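2 protein chains.
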Amino acid sequence: MTTKQLVEQIHKKKSFLCVGLDVDLNKIPEHLLETEDPIFEFNKAIIDATHHLAVGYKPNTAFYEAYGLKGWRSLEKTIEYLNTNYPEVFTIADAKRGDIGNTSTMYAKAFFEDLQFDSVTVAPYMGKDSVEPFLAFEDKHTILLALTSNQGAFDFQTKQTEGQELYKNVLAVSKTWANSENLMYVVGATKAEYLAEIRAIIPDSFLLVPGVGAQGGNLQDVCKYGLNDQIGLLINSSRGIIYASKGKDFAEAAQAKALVLQEEMEKILASR
Amino acid sequence: MTTKQLVEQIHKKKSFLCVGLDVDLNKIPEHLLETEDPIFEFNKAIIDATHHLAVGYKPNTAFYEAYGLKGWRSLEKTIEYLNTNYPEVFTIADAKRGDIGNTSTMYAKAFFEDLQFDSVTVAPYMGKDSVEPFLAFEDKHTILLALTSNQGAFDFQTKQTEGQELYKNVLAVSKTWANSENLMYVVGATKAEYLAEIRAIIPDSFLLVPGVGAQGGNLQDVCKYGLNDQIGLLINSSRGIIYASKGKDFAEAAQAKALVLQEEMEKILASR
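Protein chains in written order, with the numbering used here: chain A, 1 to 272; chain B, 1 to 272.
Looking at chain A on its own, in the form it has when it is part of the complex (with noise of 0.2 Å):
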C-alpha cells in the first residue's frame, strides 16, 4: 500500500484509528474457546465490527508466537482474512525485529512477501544495514522503534547521545539511509510533549502512536503536536477496545469503543 492509499482511506473514513490485535486466550470471551481457532474467530469478529471506523490492524506477534504453531497458523489467518476482506485497510506487524543484514532480509521476506503484510515494527540498536534491508521492499513501510510507550524507554532512549537524546538521534540519522520513505516511527502517546521536537526532525513521516487509552486520553495532546498535512498520524488502540467485553457481546462493545475514538477524530480533522 503506498502512503497515499493510506491518507485517502484516513479522509474517507474520518479516523486515523488503528486496533491492535493483541490476543491471550485469557481475556477473550470463554465461548469462543470451544471453537476450532479462538484467536482466529476473536480477531474475524473484531475486524468485522470496526472495519469502517479504523483504517489499521496491528496484530503483535508475540501474541501468536506464544501459542507455537497454532498461533503462527492464527496471524496467517487473521492477515488473509484482512487483505482478502478489507484490502483498504493498512496492516502492521508488530514484531519489533531487526538483525544483521542478510537476517533482516529474512524477516522482511516473512512479514512483505509470506505474510503481505503492508508493514512491521523494527529495532534501531542494530543501525542501517539492518534497517535498510526491510526499506527496500516497494510499497511497504517500516515502522521504527523511536521513542516508545514504557517507563524503560528513558533507560536509553531519552539518554544524551552527540548532543541530542538518543531517540532524536535516531531520527535524524535514519533519514539519510537508503529508502527512507519508506520509514514510520514509533512514538508513544504518553509522552505528547515530545511531538514538537519529533515533528521538527522528521515533520513528514507518519507515526504510529500506541498508549492511548479507550478514553482518548490524550489524543487532543497528540494531535495538536503530531498532525502534519498528510494527517501523518496512526493512533493505536488494542485492550481498550479488544476487550471491552468479556461476554457474547464483546464484538458490539468493541465497536462502541472504537467508536468513540473516531468520532473524536473526525472532530479533530474537521476543526484543521
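Keep in mind the hints are simulated off the structure, nothing from the lab. In this text the structure is predicted, and so the values were computed from the model without any measurement. Only true hints are included.
As the list makes no split between identical chains, a pair holds if one copy fits it or if it spans any two.
In silico DSS-like pairs for lysine-lysine, Cα to Cα no more than 30 Å straight-line:
#1 K77 with K109
#2 K109 with K246
#3 K70 with K27
#4 K13 with K267
#5 K70 with K44
#6 K109 with K248
#7 K109 with K70
#8 K13 with K44
Got chain A; can you put chain B on it based on the hints?
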C-alpha cells in the same frame, strides 16, 4: 540449563563452540529438497555430525519465519530433536526480541515454555521493563545485544552516551536489573579489541561471540581478552560450518570445519 551445567559441558567437550543454524533453502544440498522437511533434515544431519564438538546450537528464527508455517514447524522439530537426543547442549533462539512488559512475557513463553529453548537473544532499546520479563525465568538465559558484529553497530552502539559508549551503558545499566545473573551478552568478534574494556564492566558474564569464521580468524584474540574463570565465552559460527559443502558430504564437511575450531579451542584451554 544452569550456567554450571554449561561450564561442565565445555570442560568435557573441550569446546565452547556454538553452531548457528541459519538455514537458507537456496544454500543447502539439492538432494535434501526432495525430502518432506528439508530444513529439519539438514539440521538433523548437521547436529548429528557436530554434537560432540559443539556445546550450543543457535537457530536464527528469521530463517524459519521466512518460510511461514512450514518454517516454524521446522524450528519446532529442530529444538525437539536437540532436547530429546542431546539434552546436554545449550540452545539459543536467536530471535532478537524485546517489547513492553506483557508482550515480552509472551515472547518469553514462546521461546522458554512452548519451544523449550535454554536462552533467547533480546534487543535492549526498550529498556528494563522489556528485558526483565525474560530474566524472570529460572535456569533460562537472556542474551542481550551489546556490541553487534555488523557495520551498523557504529550507528548507535558506539556513540557516546553519558560519558561512555552506548553499548557500555547497556552493559552497566543491565547489571542493575532484577535477576541480572541470568544475563549473557552478544559481543561481535570483529571487535576483539573492545573485549578487555567489556570484561572490566562484566567480568563474570558469558559472552556470545558471532563473527568468527570457519578459519578460526581472530579466535586467539577473542580468547585472549574474553576468557574468564569459568570460560565465559560461546563462539558462534554459522555459514562457515553449515555450508562447508553443498554435496552429499555436507555433514562430514561441517564436522571437519567444526573440528578445526574445536581443536583450536582445546589448545587454548590447555594452555591456560
